[in-house]
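Novice: Sequence:
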Amino acid sequence: MTGVPWCFTFGATLLTGILFGLVPALQISRINLNQALKEGAKSSAGIGRRKLSGTLVMIETALAVMVMIGAGLLVRSFQRLLQVDPGFRTDHLLSLKIDLPLPRYQQGEQVTSFYQQLMPRLQALPGVEQVSVVDRLPFSSSFNVARFAPEGELTEPGKERLAQLRGVDHRFFEMLRIPLLVGRLFGERDTTANPLNQVIVNETMARRFAPDQSPVGKHLKMDWGANLEIIGVVADIKDRGLDVPVEPTIYWPGVGREAILLARTSVDPMSLAATVRQTALSVDPLQPAHQAGTVEDILSASLARRRFAVNLLGVMALLAGSLAVVGIYAVVAYSVTQRTQEIGIRLALGAQSSDVLKPIIRRGIAPALVGVAIGLAGAFALSRVLTSLTAGLLFEIRATDPVTFAAIALLLVVVALLASYLPAREATKVDPMAAMRHE
Numbered sequence: 001m002t003g004v005p006w007c008f009t010f011g012a013t014l015l016t017g018i019l020f021g022l023v024p025a026l027q028i029s030r031i032n033l034n035q036a037l038k039e040g041a042k043s044s045a046g047i048g049r050r051k052l053s054g055t056l057v058m059i060e061t062a063l064a065v066m067v068m069i070g071a072g073l074l075v076r077s078f079q080r081l082l083q084v085d086p087g088f089r090t091d092h093l094l095s096l097k098i099d100l101p102l103p104r105y106q107q108g109e110q111v112t113s114f115y116q117q118l119m120p121r122l123q124a125l126p127g128v129e130q131v132s133v134v135d136r137l138p139f140s141s142s143f144n145v146a147r148f149a150p151e152g153e154l155t156e157p158g159k160e161r162l163a164q165l166r167g168v169d170h171r172f173f174e175m176l177r178i179p180l181l182v183g184r185l186f187g188e189r190d191t192t193a194n195p196l197n198q199v200i201v202n203e204t205m206a207r208r209f210a211p212d213q214s215p216v217g218k219h220l221k222m223d224w225g226a227n228l229e230i231i232g233v234v235a236d237i238k239d240r241g242l243d244v245p246v247e248p249t250i251y252w253p254g255v256g257r258e259a260i261l262l263a264r265t266s267v268d269p270m271s272l273a274a275t276v277r278q279t280a281l282s283v284d285p286l287q288p289a290h291q292a293g294t295v296e297d298i299l300s301a302s303l304a305r306r307r308f309a310v311n312l313l314g315v316m317a318l319l320a321g322s323l324a325v326v327g328i329y330a331v332v333a334y335s336v337t338q339r340t341q342e343i344g345i346r347l348a349l350g351a352q353s354s355d356v357l358k359p360i361i362r363r364g365i366a367p368a369l370v371g372v373a374i375g376l377a378g379a380f381a382l383s384r385v386l387t388s389l390t391a392g393l394l395f396e397i398r399a400t401d402p403v404t405f406a407a408i409a410l411l412l413v414v415v416a417l418l419a420s421y422l423p424a425r426e427a428t429k430v431d432p433m434a435a436m437r438h439e
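Numbering (our numbering), first residue to last: 1 to 439.
Simulated from the structure, these hints should not be mistaken for lab results. Be careful, since some hints might not be right.
Distance condition first, Cα-Cα at most 25 Å in a straight line; then the derived DSS-like pairs of lysine-lysine [as the list claims (entries may be wrong)]:
#1 K238 x K97
#2 K51 x K358
#3 K429 x K358
Quick list of simulated restraints, FRET-style, between CB atoms [claimed, not checked]:
#4 S322 x R121: 57 to 63 Å
#5 S354 x F308: 45 to 51 Å
#6 S141 x M270: 21 to 27 Å
#7 L125 x S322: 50 to 56 Å
#8 E396 x N311: 18 to 24 Å
#9 S300 x L418: 34 to 40 Å
#10 R80 x G378: 23 to 29 Å
We put the beta carbon where it would ideally sit given N, CA and C, even for glycine.
Required output: the full structure, derived from the provided sequences and hints.
Specialist: The following block contains the structure:
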């Protein structure tokens with residue numbers, strides 16, 4: 001299988017070289033000598049050659065517009081995503097996976113005893129400000145779903161409402177700086193071996209569950225038969241991903257055998273990773289404490305797919321734009337070279353620099369403007385295709401975003417104008433006598 005990409009690349013490169021060498025050869029073999037001599041006598045590029053050059057510039061510009069619009073949409077989308085507030089502080093936060101083994105931790109009392117011994121030891125470490133345990137890693141795609149029915153609501157089995165169920169300890173909300181909106185938070189007594197049937201819900205769930213009143217004091221009937229009392233409402237957080245909509249969430253007091261240890265530090269979190277791990281092993285050397293990392297790194301990793309797409313398409317857009325600029329500059333510069341004698345004669349006869357400058361710029365920028373228009377139309381027409389190709393990559397932005405379309409069009413027009421102006425300006429500096437002796 002490793003030879004397939006190599007063979008494809010070699011074949012594509014060989015075919016490209018043959019095609020691009022064959023087309024000019026065929027054109028030269030079909031040239032009309034009389035017409036060529038007439039065009040050469042005029043000291044200007046042949047009409048057919050100018051048309052071909054203009055067409056190539058137009059195509060290059062149109063393709064550059066479409067590629068750059070795609071890159072621009074992803075860049076703007078990524079910028080908006082980075083501005084999203086997750087709802088909790090992610091800085092100086094160390095994570096460590098705890099996996100208590102069976103059969104030593106079959107009972108809830110054994111799990112609770114482990115954390116009751118571990119947490120004070122961690123809290124006493126130099127550089128550690130606060131510690132907490134949760135049931136899963138922030139910004140992970142895994143989560144538990146629970147079915148529930150609000151108090152007094154008759155619901156058929158299997159048609160209950162859905163909510164995320166998260167296990168946390170009483171330190172969780174304070175350590176992550178998640179605001180309490182109504183009611184109270186968990187206390188240490190709520191996360192003992194026999195937790196009370198009391199839960200906290202997020203703002204989204206409170207708004208859907210009791211839109212016109214406080215849900216505190218109301219009960220939720222769970223599908224496993226428990227009757228849970230709501231004791232508080234906290235602000236929403238985006239712990240499943242910055243681009244994932246917030247779902248109704250029920251916070252349950254306590255965690256199981258598999259949990260994530262979180263430690264907020266006053267120093268670089270990774271500098272304490274080994275110490276925190278050794279402290280966890282000091283409580284039970286047989287339990288694995290592994291996968292140490294920072295929450296900021298986890299957040300960055302959750303954005304890796306978008307960042308890769310932005311970088312990849314950005315490089316392609318840069319290459320496409322560069323080819324368009326080089327093409328425009330080359331066409332105009334070549335046109336100036338072919339018209340050097342004509343320009344010298346006009347300057348010798350008293351023509352102003354602006355009289356020479358304007359037609360050269362107009363001839364260079366015209367195909368670029370047409371290419372921009374075609375590119376905009378093509379990008380708009382392919383917006384549905386672009387939407388499907390970038391599914392899951394565009395965040396709070398449409399594939400037909402007018403700001404992106406206008407910015408890319410304006411950018412390429414300005415670049416095309418500069419690429420046309422520079423060789424045209426050089427043409428106005430030509431010495432008339434030297435120009436008339438040209439060729």
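Novice: Given the hinted pair K51 and K358, is their alpha-carbon gap at most 25 Å?
Specialist: Since the Cα atoms of K51 and K358 sit roughly 19 Å apart, the hinted pair holds (cutoff 25 Å).
Novice: Within 23 to 29 Å or not, the Cβ separation of R80 and G378?
Specialist: Since R80 and G378 have Cβ atoms about 25 Å apart, the given range 23 to 29 Å holds.
Novice: Mind checking the hinted window 18 to 24 Å against the Cβ distance between E396 and N311?
Specialist: About 20 Å separates the Cβ atoms of E396 and N311, which means 18 to 24 Å holds.
Novice: Could you see if the CB distance from S322 to R121 stays within 57 to 63 Å?
Specialist: holds (59 Å)
Novice: Return holds or violated for the Cβ distance of S300 and L418 against the range 34 to 40 Å.
Specialist: The hint (34 to 40 Å, Cβ to Cβ) holds, given that S300 and L418 are roughly 37 Å apart.
Novice: Holds or violated: K429 with K358, Cα cutoff 25 Å?
Specialist: Holds. K429 to K358 sits at ~14 Å (cutoff 25 Å).
Novice: Can you tell me whether the CB distance of S354 to F308 sits inside 45 to 51 Å?
Specialist: holds (49 Å)
Novice: Taking the beta carbons of L125 and S322, is their distance inside 50 to 56 Å?
Specialist: holds (53 Å)
Novice: Check whether the Cα positions of K238 and K97 lie no farther apart than 25 Å.
Specialist: Distance ~20 Å between K238 and K97 Cα, so the pair holds.
Novice: If I claimed the Cβ atoms of S141 and M270 lie 21 to 27 Å apart, would that claim hold in this structure?
Specialist: holds (24 Å)
Taken one by one, the earlier hints all hold for this structure without exception.
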